[in-house]
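Visitor: Protein chains in written order, with the UniProt record's numbering: chain F, 1 to 670; chain Y, 1 to 670.
Simulated from the structure, these hints should not be mistaken for lab results.
Check each hint, because a few of them may be wrong.
Each pair may be met inside one copy or between any two copies, as identical chains are not told apart.
Stated by the list, open to error - Below are the DSS-like pairs computed for lysine-lysine, each with C-alpha atoms no more than 30 Å apart in a straight line:
#  : residue 1 : residue 2
1  : Lys423    : Lys168
2  : Lys438    : Lys537
3  : Lys517    : Lys535
4  : Lys219    : Lys287
5  : Lys442    : Lys136
6  : Lys287    : Lys519
7  : Lys287    : Lys534
8  : Lys219    : Lys534
9  : Lys486    : Lys570
10 : Lys486    : Lys517
11 : Lys658    : Lys442
12 : Lys519    : Lys423
2 protein chains.
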Amino acid sequence: MAHYSKNFLFFLFSTLSIVPFSHQIQHPLDSLTPNEFIQVQAIVKQSYPTSNHNLTFQYIGLEEPNKQVVISWLESYSTTPPPRQALVIARINHKTCEIIVDLSRNRIISDQIYNGYGYPLLTFEEQNAAELLLFKHAPFLASISKRGLKIEEVLCGSFAVGWFGEKKKNGRIVKVLCYYLDGTVNLYMRPIEAITVTVDLEEMKIIHFQDRFMIPVPKATGTDYRESKQRAPFGPQLKGITVVQPDGPSFSIDGNRVRWANWDFHMSFDARAGPIISLASIYDTEKQNFRRVMYRGFVSELFVPYMDLTEEWYYRTFFDAGEYGYGLCAVPLEPLRDCPANAVFMGAFVAGQDGMPIEMPNVFCIFERNAGDVMWRHTETMIPEVLVTEVRPEVSLVVRMVSTVGNYDYINDWEFKQTGSIKVTVGLSGLLEVRGSKYSHKDQIHEEVYGTLLAENTLGVHHDHFLTYYLDLDVDGESNSFVKSKLQTTRVTDQSSPRKSYWTVVSETAKTESDAKIKLGSESADLLVVNPNKKTKVGNLVGYRLIPGSVTGPLLTDDDYPQIRGAFTKYNVWITPYNKSEKWAGGLYLDQSRGDDTLATWSSRNRRIENRDIVLWYTFGFHHVPYQEDFPLMPTISNGFELRPANFFENNPVLKVKVTSFGRWPNCSI
Amino acid sequence: MAHYSKNFLFFLFSTLSIVPFSHQIQHPLDSLTPNEFIQVQAIVKQSYPTSNHNLTFQYIGLEEPNKQVVISWLESYSTTPPPRQALVIARINHKTCEIIVDLSRNRIISDQIYNGYGYPLLTFEEQNAAELLLFKHAPFLASISKRGLKIEEVLCGSFAVGWFGEKKKNGRIVKVLCYYLDGTVNLYMRPIEAITVTVDLEEMKIIHFQDRFMIPVPKATGTDYRESKQRAPFGPQLKGITVVQPDGPSFSIDGNRVRWANWDFHMSFDARAGPIISLASIYDTEKQNFRRVMYRGFVSELFVPYMDLTEEWYYRTFFDAGEYGYGLCAVPLEPLRDCPANAVFMGAFVAGQDGMPIEMPNVFCIFERNAGDVMWRHTETMIPEVLVTEVRPEVSLVVRMVSTVGNYDYINDWEFKQTGSIKVTVGLSGLLEVRGSKYSHKDQIHEEVYGTLLAENTLGVHHDHFLTYYLDLDVDGESNSFVKSKLQTTRVTDQSSPRKSYWTVVSETAKTESDAKIKLGSESADLLVVNPNKKTKVGNLVGYRLIPGSVTGPLLTDDDYPQIRGAFTKYNVWITPYNKSEKWAGGLYLDQSRGDDTLATWSSRNRRIENRDIVLWYTFGFHHVPYQEDFPLMPTISNGFELRPANFFENNPVLKVKVTSFGRWPNCSI
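Work out the full structure: start from the sequences and follow the hints.
Guide: Now the structure itself:
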């Protein structure tokens, strides 16, 4: 979905001097600091003075050092840290430029014009500017007036237009669609249908206006979700409940490095990906050292195609990370509501269109989760005169970020477990994208409406969400292999057993990329990333398992344009050899992309992936058929996956975990 | 797996007078009280005096009143409650007897001999007795001695023998297998392989002894899981964390009826099923009344086939509910470990083999879960000068029971959400069933070993767990239909849209049982139980959706004997018309059953299920390939499903939920 103005977040740092800056040694994977953003834009502006250049910064982020450089630096902390570099994607005089700035040398080291298909991330500023054009556009004002709507209650948003087989490039355009407030803050439940305004972002002017028909704007009644606006009857209210940690949290944060229980990892933030977890290692109590698990993990793309063929809807096939910026859309988390009482909050910075840093306060929270689950247990009743009951409650560490891409709120959790598991969960809440409709009862509908009638004049449109994660696992080192352990039914035909069948495990190591593409759902298999050079004492390859959650795959046909662009969702699992340039499953330039730079195209080279540094790409999703419970705001639905150690440890790594002691009830006086 | 002595739980009530008994009006679905158990056994013994009858009680439980009777009673509380009846399954003079006792009339009202295949639940007492026989059996003692093992460190367990095509009935037999302690409590990691002793339970004598070979008993080292036995190096230890509810819990328990937030339900306990949730209704704030969701839900069967064809293993294809009693194997929950600090505990009663009540303390806990999740949220950044952030944290209610069926611990959660969802989660922990082996390294293995080498001489055997839930949904009343809403890809061929495809929802209402059998995984569909007689204002049928978790189906061939007995696992979803006698998916008599009384056979009648009182049966499971992390004790793995309202409410039922307020940190002084 489209994203909108975020004025409230825009605290611009006008001069270097006001930026508080810690002078501790920077980690090579730290996000760019405010000072670095300022330095980057200054360097770029020096080469392309805004006096005679039309310059906008579409993206500024850390240009990752080479992986080997980072690993060498880590192995000998004393050496000079790798040089800090930034990747800039700018529009300069209506061309897309990829610029690499070296911050230590204070200069541009690479500067290229990109001439391929697709355009960079949309900035908030240009989306805002496009939206404002409408309010000076007479035909638009006439259309609003004709509908009897008050112009001051109208709000508009910019929508990426996609690609539908056009041969000629369209230029950087968006479609602007509008909503109506007038008695609610829930604008998404009040679409003003039929009016589509196309804006050229480079010229910043309206190039097409269309008003096709008139249907009622759905009513405001019952759409406002603010607590202050609710009226009786209310439901039952719960008494207070909270989590306490009398001795404080068990994690420590040193810069952007987090240590908790047996885990050590680095957190960073990117305008496009949102949270990035790097260098996750786990302490092996028996071996008495940290062992590497994941070099880098993040949301690579988020594909959200709607299933409505009407003129105003067919193109709504969004790539939220590549078009709008999954990080750019992060929102400040509410203490005690978005995160529990024991959470610690952290902020981040992104660059505005002018390259200056923008502070995003409280976009991360980190907390220990004590959900009342059991990490392991056993009651032994078989030993005479002895009752053995051993139980260890589960406590895990959660890193949370919420990205609100327009109407939808994505609650992203990276959860670290003492057992060695990394669990990823994404919860979806927020508002549906609904279509205004003439219908007020299902019995009136005798045509395809592409959705569910949720309320009078309100259709919740069918759609999907696919989240593709980049997971550069380094299981006990870089050289890894991908193993599919198929659970294969075997018939017993030789009368050797009273049984007629059983299943056994047939393990296949993927040699090349095509061996590793998997559509889940059809067969039973354990999926493992192993280190073929490391074995346990009894000879098993050390590994981590991918445990899928609820499995979802695309339903569009392969030749449909949105699916060509989103071809990376065709398989739930892909493995590629590590390649620094392959980060974005849908390509570096998603806006109006044509699918020529996706995970699917890279993978078609069918490179060798055995005993190499490999990257696991995992896609899960949601097919969303709306129900009335989703109106006017959706209760959270969740999905995700888990990476679980599989013969990584010699035995249960939490066997020796001691239960922390405190009284039955803390001595609280409130 | 087999179950063992539970002496520690056996507090026998010797006379009526010592039983504390509340004289409140009993709910017709309450489990039998201690007094009722005593009354039942007295009535049965009167007809079958133990002086001249060989009488054992294999099962005593509530004989459910007819559903219509219960519903009428509920609708007019003033009428006399339905008569209390008990179902007794007894072995009387070596025959299986089904006896119905009417407690109000103090007499037997039905008494039938069962002559079909299969035998009733095994009692702990007879399993114990069988196990003790070995210690007086010279060949067994010789086998132990030959292995150099100390007899006083040997413990044995009884295993159901299954059915493998034998024409003739075997009689009630078990196989007894033994384990070795000697330095550990983790007997399951120390199987004494190759010795199988077959015991006739009716004659209580050994009828077959076999000792096939000698291999080492796996070492005790590293197997003990007790906190007190762990030695350094320890891992990092977490600081204390707990949940507090300064004003107490938000739920109330009246007898066995629980009220929390918008939920009202009844809890009971059965020796075979474990926890039973009945009459779950949810308060509809808009309609201002309670609306029915589920009449009754429980674990109907738990099928655990192992995948090892060797002589000592091929028959290990357990039906834990029907053979051992999922409730009978419930264990006392540990405060602060099995359940959080805010949990309330409840006990239950089962009958011993002599019919007398046995108290099972703390088998249930009930608590409010505050896991740090978000129930719904939205941040609205589009409205100029206004930042809207509305977030409601998730708090749910959990009813937990742990059943330890020998080695495995099943953590059963019924979770009630304010959104109207009922979420079922089963966590598996405890100990693997391992096979002793001559191998100490994987490189030595060049044959099929049916498992993973977990440690020296220790193979973790491949196996499955399938849990089949009985879910008698009554969505807004009894008459319901099952609807499969298929997400169907449609090609666009008429150039009417720039798109080439989309998906739409094609709903099919199941007319008969065969329409409703579903193997999940192959197609995308929403599965709904709707009330075809109730619509929302805009005309949608009110319903509840089944949301599967991770999908698992059987891998055995249909003609394999264990799979014939466990044929109810063939489909993940079945719908049957409500029939009081159809409760146990594998049949009433599971021990040595032959699959002639399963859900699969009932369903083959292909009865009409449209607009009827229907029952949803859902099976999920785990294919368990053991990994070294499961040794010597498994970290919990979980799976489950959710029942979620789908056009049941007119709109989001938690829109008006108010956030409870308390300070950022309770004022705690510990």
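Visitor: Can you list which hints this structure breaks, lowest number first?
Guide: 1, 5, 6 and 11
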